[in-house]
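Just so you know, the sequences run in chain order A, B and C.
Per my numbering, the very first residue in the first sequence carries number 1072; after that it's consecutive.
Per my numbering, the very first residue in the second sequence carries number 31; after that it's consecutive.
Per my numbering, the very first residue in the third sequence carries number 33; after that it's consecutive.
No wet-lab data here; the hints were simulated from the structure.
Note that the structure is predicted; figures quoted are calculated from it, not measured.
It cannot be assumed that every hint is accurate.
What the hints assert, rightly or not - Derived DEER-like restraints, expressed as beta-carbon distance ranges:
#1 C:Leu180 x B:Thr139: 44 to 54 angstroms
#2 C:Glu196 x B:Leu203: 49 to 59 angstroms
#3 B:Pro92 x A:Pro1207: 21 to 31 angstroms
#4 B:Trp132 x A:Asp1117: 45 to 55 angstroms
#5 C:Arg203 x A:Val1186: 49 to 59 angstroms
#6 B:Pro282 x A:Val1193: 12 to 22 angstroms
Said to hold, decoys possible - Partial list, computed: chain A residues near chain B (C-beta under 10 angstroms):
#7 Ile1080
#8 Glu1090
#9 Val1115
#10 Val1118
#11 Leu1122
#12 Ile1125
#13 Tyr1126
#14 Leu1129
#15 Leu1130
#16 Leu1134
#17 Ile1142
#18 Tyr1179
#19 Ser1234
#20 Leu1281
#21 Ser1326
#22 Leu1329
Glycine included, every Cβ here is placed at the ideal spot set by N, Cα and C.
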Amino acid sequence: MVGAAAIGIIVLMAALAYELILGSKVSLDKYGFSFLFGTTWDPVHDVYGALPYIYGTLLTSALALLIGLPISIGVAVFLVEKLKRRQNEAHLIGTTVELLAAVPSVIYGLWALFVLSPFLKVYVERPLHNYVGFIPTFSGTPFGLDFFTAGVILAIMIIPTVSAISRNVLDAVPNSQREAMYSIGATDWEVITKGILPYARSGLFGATILGLGRAVGETMAVTMVIGNATRITGDLFSPGYTLASAIANQFSETSSPLSASALIELGLILFFVALIINVFARTLLWRMSRMTKARI
Amino acid sequence: MAGIMASSGIDRRRRITNRAMTGLVYLSVCLAISPLVFILADVAIRGASVINIDFFTHLPRPVDVSGGGIANAIVGSFVMVGLASLMAVPFGVAAGIFFSEWPESRLSTVSSFMNDVLAEFPSIVVGIFVYVLVVLATGTFSALAGGMALAIIMIPIVARTTEESLKLVPRNLREASMALGVPRWKTVLSIVISTGKAGLFTGVLLAVARAAGETAPLLLTALGNSFYATSLMQPTAALPLLIYTDGISPFPQWQADAWGAALVLILSMLALNLAIKLTVGRRMSHARPEN
Amino acid sequence: MTIEMQKGREDEAMKEGLTVSTDVRTVTFGSKMKTRGLRAWFGKSEVIKGIDLDIPEKCVTAIMGPSGCGKTTFIRCLNRIHELTPGAKVQGEVMLDDENIYGPKVDAVAVRRKIGMVFQKPNPFPTMSIYDNVAAGLKLNGVKDKKLLDEVVERSLKMGFLWEEVKNDLRKPGAALSGGQQQRLCIARAIAVQPEVLLMDEPASALDPTATAKIEEAMVQLKKQYTIVIVTHNMQQAARVADYTAFFYLGELVEFGETAPLFENPQKELTERYITGKFG
Chain A
1072 MVGAAAIGII
1082 VLMAALAYEL
1092 ILGSKVSLDK
1102 YGFSFLFGTT
1112 WDPVHDVYGA
1122 LPYIYGTLLT
1132 SALALLIGLP
1142 ISIGVAVFLV
1152 EKLKRRQNEA
1162 HLIGTTVELL
1172 AAVPSVIYGL
1182 WALFVLSPFL
1192 KVYVERPLHN
1202 YVGFIPTFSG
1212 TPFGLDFFTA
1222 GVILAIMIIP
1232 TVSAISRNVL
1242 DAVPNSQREA
1252 MYSIGATDWE
1262 VITKGILPYA
1272 RSGLFGATIL
1282 GLGRAVGETM
1292 AVTMVIGNAT
1302 RITGDLFSPG
1312 YTLASAIANQ
1322 FSETSSPLSA
1332 SALIELGLIL
1342 FFVALIINVF
1352 ARTLLWRMSR
1362 MTKARI
Chain B
31 MAGIMASSGI
41 DRRRRITNRA
51 MTGLVYLSVC
61 LAISPLVFIL
71 ADVAIRGASV
81 INIDFFTHLP
91 RPVDVSGGGI
101 ANAIVGSFVM
111 VGLASLMAVP
121 FGVAAGIFFS
131 EWPESRLSTV
141 SSFMNDVLAE
151 FPSIVVGIFV
161 YVLVVLATGT
171 FSALAGGMAL
181 AIIMIPIVAR
191 TTEESLKLVP
201 RNLREASMAL
211 GVPRWKTVLS
221 IVISTGKAGL
231 FTGVLLAVAR
241 AAGETAPLLL
251 TALGNSFYAT
261 SLMQPTAALP
271 LLIYTDGISP
281 FPQWQADAWG
291 AALVLILSML
301 ALNLAIKLTV
311 GRRMSHARPE
321 N
Chain C
33 MTIEMQKGRE
43 DEAMKEGLTV
53 STDVRTVTFG
63 SKMKTRGLRA
73 WFGKSEVIKG
83 IDLDIPEKCV
93 TAIMGPSGCG
103 KTTFIRCLNR
113 IHELTPGAKV
123 QGEVMLDDEN
133 IYGPKVDAVA
143 VRRKIGMVFQ
153 KPNPFPTMSI
163 YDNVAAGLKL
173 NGVKDKKLLD
183 EVVERSLKMG
193 FLWEEVKNDL
203 RKPGAALSGG
213 QQQRLCIARA
223 IAVQPEVLLM
233 DEPASALDPT
243 ATAKIEEAMV
253 QLKKQYTIVI
263 VTHNMQQAAR
273 VADYTAFFYL
283 GELVEFGETA
293 PLFENPQKEL
303 TERYITGKFG
């Protein structure tokens, strides 16, 4: 009987895949694989291609990792190495970071829309545009609702996950490795960079991939600050779209069976991307927990 | 190397690097925590200015009319999260029991893995799924569809926390019960569950907190409503939905309502988390390996 | 009672017996390291209760005693590794060539370069090759010259009695070796940074007799260049390799002297009871 529930979960996943494929059938039949490379998304003329959205998802996720990963590892290092002697403080900071994970996406979006975006526009984007605007990524006129802001809010949102897992990973590194490094005369920093981080690298990589998975699937916060324009450009200050935000934004406006089907196919793409990323990340973490015999 | 005091150039550079990197690490902690501070502050300040009795009891009013509220959103959220819990809790608890008590079976490994993957899934994909399965089939957006979507999001959380808290129950308790001739299913039902029930309760609360804040799946299933829904098969309002639609609207009055609704949502989640902490405390933290 | 531990005056010293009591200052010639009033804590519990010990230069000194006597904590105080444990505290002086390694301006990193350590369980760096393991300490200190590194790696592996077995496989990962080989790798890694003292915490207790024999062979050669302090619970091993032995009990130094006379003719009753196996 409880086994039925377990079977149910597998059935659920299968049903998800099935329904998504079913729903995208019209679009799949029409475009096949070229859907992934089509650059036009035009409901007026009933032409659809997913590339701008795939691009936007990749770009914002890359930004999120670029900004969020160093900070997350810094937090994990702080909690495990610097606060080793002070368990209470470590617990407090750890809990605070975890609290960030509990904030609903839409509230992140609301804050990003009214507070973060204007701030970034004035204090980050404009200076960047003025001083290094010759670099193509900063060449557009800063509006605040663009790839850049979306990347920043995504970074903020993945930090709790990535740092929590990184912390477990670093904690699982055996103490004997630290002592071995110290005993040949290494500084604290060298023990971390040359001893602990290399040892933990597959686990940290897994944490990164999980963060990527989270960034890829994030919908509400992104859709509120990304500007919602279908385009492919290297200009970070340009408005754009991601797979998830496109679905959210355009769902109520489907005009034809093909358009609805195309949107669902976007969901199918997202499904597979998220599936692959998560399976990959879980496998990496499982491997690391076997190596150190700890639960990650 | 005469004398122990480090004085060579390399050593000094290493020491400076060490100090600089320590500074960077402290900086990253500040950067990680400050958004939380700002968000909570903004929600509290901007939201508080909107909140009054009307806010909780009235329906939304047109733009230039004062006295509007979010009553329908509050009710809608309650209804859908309640529906979702009814569906998700039995399912999730059952699955969690299976993972914990029959961990060796192939079904358990596969399903548990799928469960973990499902937990990390983009919620909008869940929304599409329920849209195709229910909304298209019934021809209407509905609270039922919304509830189902939230249920799918809750199940993995409930299953995982159930599994973890049951695993904490010491093995000899089970063995003692079975040695007395109690059949396995009864052992599980009475002994294991009653010992682990605090953890189960926590898991349910965690799932509820998560479901209460989800927006994307509701966009595609419940759609939202400016009034009360009169049946489960109508578009229904919900707190997160309202925050979204009011937030992106061009009207300052509605935008302010969004902050108010955000405050209500955050306070509810804080209350839920407090309930969790009070019942369980630090029991659910991972054990650190000893070397 | 005064004690003289100069080499060459051993006969005289033997005649007088070699008992050290913690309240007598020792005359120190030829001592590489000295501890004065060394005390150590784990949180609230005092594990080392005031030890004055002189470690003779270029000899092997064994620290022995029943479990819980503080011998491991003691040597971990000698290279300032003990203080890395959360809640650990150290008090007193430890002199390396008349300089206190716990002095206020002393850099612990530099101390650990001069006083190396081999641990009970071999702990090579698994993400590094054999070569990189040995070279790790040198690279940290900024040595980049490939020829110099090659030289030092070869020399260190030879002194660790590992060179012949791995000279064609230097790029293999450090963790791919057998337990005994890993431990010799750790020895090579420790001596590559050219310490003056080598501390060994029960280096062979996790190894089989053949591997142990190789380690002991290495020790006999190493002591020509380094001062060695070894913690061991194996009396035959101490008899085989150690020139001097110190006997600890419950955090205090009970007796210290040349190994053979100490074992044959212990001056203190506690020592005698340990040696004759009355308690482990």
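Against the structure, the hints come out as follows:
1. C:Leu180 x B:Thr139: 44 to 54 angstroms: 52 angstroms, holds
2. C:Glu196 x B:Leu203: 49 to 59 angstroms: 57 angstroms, holds
3. B:Pro92 x A:Pro1207: 21 to 31 angstroms: 46 angstroms, violated
4. B:Trp132 x A:Asp1117: 45 to 55 angstroms: At roughly 52 angstroms between Cβ atoms, A:Asp1117 and B:Trp132 fall inside 45 to 55 angstroms, so the hint holds.
5. C:Arg203 x A:Val1186: 49 to 59 angstroms: 54 angstroms, holds
6. B:Pro282 x A:Val1193: 12 to 22 angstroms: The hint (12 to 22 angstroms, Cβ to Cβ) holds, given that B:Pro282 and A:Val1193 are roughly 20 angstroms apart.
7. Ile1080: Nearest chain B Cβ about 5 angstroms off; hint holds.
8. Glu1090: 5 angstroms, holds
9. Val1115: 23 angstroms, violated
10. Val1118: 21 angstroms, violated
11. Leu1122: 19 angstroms, violated
12. Ile1125: At about 14 angstroms, which exceeds the 10 angstroms cut-off, the nearest Cβ of chain B leaves the hint on A:Ile1125 violated.
13. Tyr1126: For A:Tyr1126, the interface hint is violated, since the closest Cβ of chain B sits about 17 angstroms away, which is over 10 angstroms.
14. Leu1129: This hint is violated: A:Leu1129 lies away from chain B, its Cβ roughly 15 angstroms from the closest one there, beyond 10 angstroms.
15. Leu1130: The hint is violated - A:Leu1130 has no Cβ within 10 angstroms of chain B, the shortest such distance being about 17 angstroms.
16. Leu1134: Result: violated, 15 angstroms to nearest chain B Cβ.
17. Ile1142: The hint holds - A:Ile1142 has a Cβ within 10 angstroms of chain B, the shortest such distance being about 4 angstroms.
18. Tyr1179: It holds, given that the least Cβ distance between A:Tyr1179 and chain B is near 7 angstroms, below 10 angstroms.
19. Ser1234: 7 angstroms, holds
20. Leu1281: 7 angstroms, holds
21. Ser1326: Not OK, violated: A:Ser1326 not within 10 angstroms of chain B, min 16 angstroms.
22. Leu1329: 15 angstroms, violated
Hint compliance for this structure: hints 3, 9, 10, 11, 12, 13, 14, 15, 16, 21, 22 are not met, and every other hint is.
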